[in-house]
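Asks: Each chain is listed here by its residues.
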Amino acid sequence: MSLPDTSFPAGKDYRSSHTGHGAGLADTVFENGRIYTVNPAQEWAEAVAVKDGVFVAVGSREEMQPYIDQHTQIVDLKGRFIMPGLYDMHTHPDLTLAPGYAGYLDVGLEDPTPAQVKQSILDYAAANPKSEWIFGQYFVHFHFKREGIEADRHWLDSFISDRPVAIHDRSWGCILVNSKALELAGIDANTPDPRNGFIERDGITGEPTGILVDGAYSLIHAAMPPTPAHALQRAYREGIHYQTSRGVVGTKYVHVCENRLDALKVVDDAGDMTLRVEAAISWQDDIFPVRRRWELLAGERHYYRSARLNANAVKFHFDGTHGSYSSYLSTPWPGQSEWRGGLNLTPEHIVDMVVDMDRRGIRVIAHCVGDGASDLFLDAVAEARKRNGPNGVRHQCAHSTVLLDENLPRFKALNVVAEFSPVGWLPEPYARAREVMGEERFDRMYNFKGVLDHGGLAVMGTDWPVSTINCWVGFEAMMTRKNPWFDNDETFHGEAISVADAIRVMTINGAHCMGIEDSAGSIEVGKSADFIALDRNLFELELQGNVHNTQVDLTMMAGQVVWDRNGELSGTPLQAPLNPDNVPNFYDK
Amino acid sequence: MAAVPVTIVSGFLGAGKTTLLNRILNSVPSDKGKGLKVAVMVNDFGELNIDSQLVVSAEQNMISLENGCICCTVESDLIAQLRKLLQLREGRPDAILIETSGVSEPSKVVNTLRYPEFDNHLTVDAVISVLDADQFTNLEGSNKRLAMDQLSVADVVVINKVDLVSAEQLQNLKDNWLFPNACVYETSYGELPLALLLGQQAHHSAQSEHEHHHCDERCQHQHQHHEFYSMSWQSEQPLKIQALKAFFHSLPASIYRAKGFVRLSGAEQQMFLLHKVGSRLSIDRQLNWQGELKNQLVFIAGEPFDKKQLLADLEACVA
Numbered sequence: 001m002s003l004p005d006t007s008f009p010a011g012k013d014y015r016s017s018h019t020g021h022g023a024g025l026a027d028t029v030f031e032n033g034r035i036y037t038v039n040p041a042q043e044w045a046e047a048v049a050v051k052d053g054v055f056v057a058v059g060s061r062e063e064m065q066p067y068i069d070q071h072t073q074i075v076d077l078k079g080r081f082i083m084p085g086l087y088d089m090h091t092h093p094d095l096t097l098a099p100g101y102a103g104y105l106d107v108g109l110e111d112p113t114p115a116q117v118k119q120s121i122l123d124y125a126a127a128n129p130k131s132e133w134i135f136g137q138y139f140v141h142f143h144f145k146r147e148g149i150e151a152d153r154h155w156l157d158s159f160i161s162d163r164p165v166a167i168h169d170r171s172w173g174c175i176l177v178n179s180k181a182l183e184l185a186g187i188d189a190n191t192p193d194p195r196n197g198f199i200e201r202d203g204i205t206g207e208p209t210g211i212l213v214d215g216a217y218s219l220i221h222a223a224m225p226p227t228p229a230h231a232l233q234r235a236y237r238e239g240i241h242y243q244t245s246r247g248v249v250g251t252k253y254v255h256v257c258e259n260r261l262d263a264l265k266v267v268d269d270a271g272d273m274t275l276r277v278e279a280a281i282s283w284q285d286d287i288f289p290v291r292r293r294w295e296l297l298a299g300e301r302h303y304y305r306s307a308r309l310n311a312n313a314v315k316f317h318f319d320g321t322h323g324s325y326s327s328y329l330s331t332p333w334p335g336q337s338e339w340r341g342g343l344n345l346t347p348e349h350i351v352d353m354v355v356d357m358d359r360r361g362i363r364v365i366a367h368c369v370g371d372g373a374s375d376l377f378l379d380a381v382a383e384a385r386k387r388n389g390p391n392g393v394r395h396q397c398a399h400s401t402v403l404l405d406e407n408l409p410r411f412k413a414l415n416v417v418a419e420f421s422p423v424g425w426l427p428e429p430y431a432r433a434r435e436v437m438g439e440e441r442f443d444r445m446y447n448f449k450g451v452l453d454h455g456g457l458a459v460m461g462t463d464w465p466v467s468t469i470n471c472w473v474g475f476e477a478m479m480t481r482k483n484p485w486f487d488n489d490e491t492f493h494g495e496a497i498s499v500a501d502a503i504r505v506m507t508i509n510g511a512h513c514m515g516i517e518d519s520a521g522s523i524e525v526g527k528s529a530d531f532i533a534l535d536r537n538l539f540e541l542e543l544q545g546n547v548h549n550t551q552v553d554l555t556m557m558a559g560q561v562v563w564d565r566n567g568e569l570s571g572t573p574l575q576a577p578l579n580p581d582n583v584p585n586f587y588d589k
Numbered sequence: 001m002a003a004v005p006v007t008i009v010s011g012f013l014g015a016g017k018t019t020l021l022n023r024i025l026n027s028v029p030s031d032k033g034k035g036l037k038v039a040v041m042v043n044d045f046g047e048l049n050i051d052s053q054l055v056v057s058a059e060q061n062m063i064s065l066e067n068g069c070i071c072c073t074v075e076s077d078l079i080a081q082l083r084k085l086l087q088l089r090e091g092r093p094d095a096i097l098i099e100t101s102g103v104s105e106p107s108k109v110v111n112t113l114r115y116p117e118f119d120n121h122l123t124v125d126a127v128i129s130v131l132d133a134d135q136f137t138n139l140e141g142s143n144k145r146l147a148m149d150q151l152s153v154a155d156v157v158v159i160n161k162v163d164l165v166s167a168e169q170l171q172n173l174k175d176n177w178l179f180p181n182a183c184v185y186e187t188s189y190g191e192l193p194l195a196l197l198l199g200q201q202a203h204h205s206a207q208s209e210h211e212h213h214h215c216d217e218r219c220q221h222q223h224q225h226h227e228f229y230s231m232s233w234q235s236e237q238p239l240k241i242q243a244l245k246a247f248f249h250s251l252p253a254s255i256y257r258a259k260g261f262v263r264l265s266g267a268e269q270q271m272f273l274l275h276k277v278g279s280r281l282s283i284d285r286q287l288n289w290q291g292e293l294k295n296q297l298v299f300i301a302g303e304p305f306d307k308k309q310l311l312a313d314l315e316a317c318v319a
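Keeping their order, the protein sequence lines are chains A and B.
Heads up: the first sequence at position 559 corresponds to 559 in this note's numbering, and the numbers run straight through without jumps.
Heads up: the second sequence at position 5 corresponds to 5 in this note's numbering, and the numbers run straight through without jumps.
Read the hints as simulated data drawn from the structure, not as lab findings.
Note that CB positions come from ideal geometry on N, CA and C, so glycine has one too.
Errors might be hidden in some of the hints.
Partner residues are not named here, just some residues of chain B that face chain A (Cβ under 10 Å, in silico) [what the hints assert, rightly or not]:
1) Gln-87
2) Asn-111
3) Thr-112
4) Arg-114
5) Ala-147
6) Ser-152
7) Val-153
8) Trp-177
9) Phe-179
10) Ala-182
11) Gly-190
12) Glu-191
13) Leu-264
14) Ser-282
15) Lys-308
16) Leu-311
Isolated chain B (complex conformation) (with noise of 0.2 Å):
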């Protein structure tokens, strides 16, 4: 079985997290089953606004609903929790996002999913970081440390209710708290991309596309259903690893996810796993590939982004 992407979403109280997940849960399709079966843990149902309609069944702390999603409390324990999500007989989820409270430290939520237990079974998809941009102004003493751990495993930052403060205030913050080559997404209303929250979301929908219809930044078409772009590329030859760095390194923060297999000169019977969410690039070696030795990547954006440009730049990192 393929290993479970899990999405972490950290933010202090208040700074618009709640209305994600509610958006995650109440807007995955359900698509006669075909939907996205996710799993939200929070550590407190009272966070979320379930509505009553959709729950197919309760237990003490976990709560199935009609369409395939799961909302299940961390209590004391995140590895218990997850073993049992996993340990699911039916309905194992397709991806789980955890939401840290206002308290906890993401960076060892982060730590936990990546110990050897939960190799093969769990993968980190993207950690999010949602700031309300009015309570970054005054922080001090513990918040202050948990606001930046918070940032500090951030592949994603997403400043909400920016209509709520000054341009001065946004630039401050900013200036202040954003390290370089982060990847900022701004917003008013918690207001995001699916796509951007939830990689299997983004590539299960960029493959159906794929097969029917072949998107240009021209194309409009379903825009406002998928809110994104995207981008094939496939080559035989292998890659640069210098280069190929350097390309990622320079991609427009539009084009916030990219994910495949490379093949790297140097070790050509090798493939290699790429993943890129926000300004967090991974590349790491395959262990007993059996399939093509080609490159396949996946490019997914916010906006319409320059492909021919993209091509070409990619096309230079063939060694």
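Chain A extracted, bound-state conformation (with noise of 0.2 Å):
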């Protein structure tokens, strides 16, 4: 008896030791390209054979020929420059996409006045009456003033009082609530304040007005439902999707909870998901509370496992940053006495942690912005391997904007992994503004060649949006210290590398970075087949100016052609699902 086709879904065939391998020999042969292997027993090959996702051939395009039979499609790829896909190490697409996809609250007006706003929160509890918070943007404290109202939540109370309602002020420096969403948060006349903002409160009974100054925003956010999940998949997919239009095939989201993992999860599951995802679970609340911390990292994160996804890492916040002179260094901020910065966890708590973290597997990714931070970082490292022996995860220091030379050895030695965000390391006011830690710091700052050299590995992230999720931007600023845009020999602090040491940076360093060195991040024979093809050959043009708006034609990812932005392969078995026509483009500078 046989089942009509039509009683069950479409099927994966997945691949064991003896079931999942497709008949004849190779699905795909690849020919006709220069192909940069970032294997160094063969660093260059013209044709690629790809069987059941993984390469099976790399050569000549004679030694192709015994793995071509009826149903091999046979592809040109036009003499283009080929290499291994691309890691982007650390980035946030949901922090950056889902608030805007939230369908929150939007008055919609300039300058709306307190008589718009108050229609406006009147008009959207009406049009959405099962979610009980009413949050958005925004209102104008200027309005108020003119018309003698004063912005509070006796004001907000008066026309709506038996929901939740939280409205940013236009420059974003406060936010507006009512009594019912104070009650909610639990902010009362004994809440102590954040240490980066301020509840404002009624001089004489300390009862909270309802203004809530930046850093308490976040006890808002505590008790407001998570982002919702249609907003947070969208985010998702767009990201994934762009990444993979500039030819990413590995990624990390530094910073997820168990909404987070549910809208990967459903994104993964529809067969979206084009790149390899890590994703680290938030160690602290300090961005979105994480409900189901230790579940997830006891074992419910294997829930969400599969080829393409996986949440086996953490990610904290150690120090600051260096814009608000909160990273933590070795010594005294420049012209003080004390001050090194700060950090958010004790030391002890880092030690405890690392060891626990190392002992279950789970990678722990530090935020360590200061040269201070990742000593500790490494010191805790150090400890872990001491009482859980050499061979536990390899963990990653994050940012590592500053280290200590004494440190650079350490990586390779305890098996760290230096992340950088080199987006930023060109000559211009952002980055300059870096510059406040001081000079005797500047030659020490962004060491991508110094963790290199000593063997070390070194990794790079884009970490959107604090700098553009085009990985491409920083992969010219590490090879260059100049800026793209800028026709001049300005260049900026650190030494630049090599163009075959960033590939490598940029490709096999991130297999490692997420530990799967061994079957992708190169152009071999067994390892994942995972190939970009380029617009132009990065070994053959002048770096600065011309690296950061390279356009990728092709990219394949694990056997499957995932973008194609000329559609050459549209109407072929091989069609991509992904064209310039469906992906958004969040950077075309």
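Grab the two chains, each in its own frame, and use the hints to assemble them into the complex.
Replies: Structure follows, in structure tokens:
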């Protein structure tokens, strides 16, 4: 008896020792390429053969012949430069995009009056009877003053008191909430102010007025329902697809909670995850609350695991930023007698945590901007290696903006990846703002080369929205330290690295950072068939101004062409799901 | 150590802030170290005309003057620069004046000063918005937004260069931009009484005057010097909060400052710090008050005022 075809959804043909292997020889052969493999044993090739998503042959066109049978598709690479896919080891599409997709209240006027804000809130409340919270933007303090109305909870309460309301000020310096919102968030006269903001209070009674400034928003966010699933799914889907269009085949979404993992799983299950994602569970609640942190860390994270997705990492914020003088340095900040910056957690906490996570096989990704923070983090990893043995998980030192010279050899010795954000490594005002650490530290800033010269693994992250998600800008900057858009020779701190080194950083080093270096990251027989076809040869161009705008013509991920910029495979069995018509372009500079 | 009062001066380029700041730096009397040491924070030293004869030392972003005043640039980070000023071993300023450039939002500066880390170290003394009467007629886009931000946090609105506009233009500006109860000060060349800008200056001088000579409305002595009139009031009895607020609400605009401590009925065992600058009145409960329980207020005005009436109105607030 046979079942009708329509009874079952599309099946998945998983591979194991004895099952899941397709019939015949190679599924595809790509020929006529200038293929830079990042395999030192065979640097260049002209053709590859792929079967079941894996390279089965890499070499000359003739060497492909034995792999070709009647079902093999043959694709002409047209002499283009081919290299392994890229790895962006630190970015945040959810934080960048999801709030805009959440369907929150938007008054939609440039200069709303109090009456217009009120009407907009009432309209939103009527149109959204099921969503308890009314959250959005914005009101304008000026117009309240003009009309002699105090922008406080009493004003909101006067027309809506049964549902929590929170609305941002236009300049985003504060948020106005009603009494119901304060009640649900547990904010009253006794609530202490957060560190980086405050609860405005009546001077006489100490009761909150309904205005919450800067860091005090988080008290409201913690009480609100999480970002809606549809917004997170859209944010991840669009972020993934944009990255794919830029040639990224592996990425890390550094900071997730159970809701974000749910969203990623929806994208993955739908077959829309066109690259590999390592998601790092937030150790702290400083960005959003993680309600199931310990369930996830104890093992619930495995529920999300697939060939494309894993959550075997945690991310924590150890120190602050240079912009706010809070990154933790090895010696006091310039002009200060004592202030070395701030640490959010004690060194002892970090040691116990790293040892614990390491034992569980969970990668620790530590936000370490200052050279004091990374020193403490490396100490913690050293302790983990001592207690758990030397072969534990490869941990990740995020940002690594300034490092102590003494720590350069420790990245290799302790098997820790140094992650940098080279997108900002060019002479421009934003980057210059980070020079506040003082001249004596300049030479030790962005020391990609120092880590590499000491045998360590260095990788890059775009850290969107801190900088652009287009990893090619950083790819160029690490090789030039010059501004791609200025026609001058001004260089930024730190030493540039060679094209070959930069390509390793962007490819195989990323695979190491994800723990998949044996199965991906270079074009070698037995590895996942990932590659990108470019519109230019990186070894044959003037680097400044000509790498950041590289166009990726094809992205192949695990044997499937997932991005086809020019539609060259459309109408063939290899037609790619993504093309410029269905991928948002978040950056086209 | 007492919290250092901070005055914020906002306004567009060309509004006349530089003139104001220079007057402060040059006219705060050094008085053999007894004068006020004012730290002026600007975005760029180029905004000031610092007399090189007065400079005693200059670092990358901090210049010390002979009269004890300090000028510094804010560069990228206000918080760090404030911390630095507060931690100075010597010459910690008595008052800080922050000039917000024509492009930054003064509301953010005001918010930052109120962060818990500055509790007991810094206090917002006054927020002054300087407008060029002529510039304000055509504002659009981000400049319009910024102007709204400046005015919405302003305790005192200074309309400068009034000599350059017609009465009609001036009236239009007021009709379109000012809010009810705004405390407005009109001037032609950025001539503001220091006592309006700096509370320390006002109360310091009012106090020393109090010791030597009691001013009344007929007394013109030192008027040219101090440019203000003051009156102090003391009483034992607690005050009714609503009556007190109404009293301050109806004060003539010329009384631009008042400061002191009050007792309030319903909370007789506590003391409250009262601070009025222009249109802002704040009354804040004092924790762990050690002193006497009595009302003590000082009023400062730019022109003579009816003291008898004021005293009578105050007495009417007694519970």
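Asks: Now look at each hint and say whether the structure bears it out.
Replies: These are the hints, each one checked on the structure:
no.	hint	result
1	Gln-87	holds, 7 Å
2	Asn-111	holds, 5 Å
3	Thr-112	holds, 8 Å
4	Arg-114	holds, 6 Å
5	Ala-147	holds, 8 Å
6	Ser-152	holds, 4 Å
7	Val-153	holds, 8 Å
8	Trp-177	holds, 8 Å
9	Phe-179	holds, 4 Å
10	Ala-182	holds, 8 Å
11	Gly-190	violated, 24 Å
12	Glu-191	violated, 26 Å
13	Leu-264	holds, 7 Å
14	Ser-282	holds, 6 Å
15	Lys-308	violated, 29 Å
16	Leu-311	violated, 24 Å
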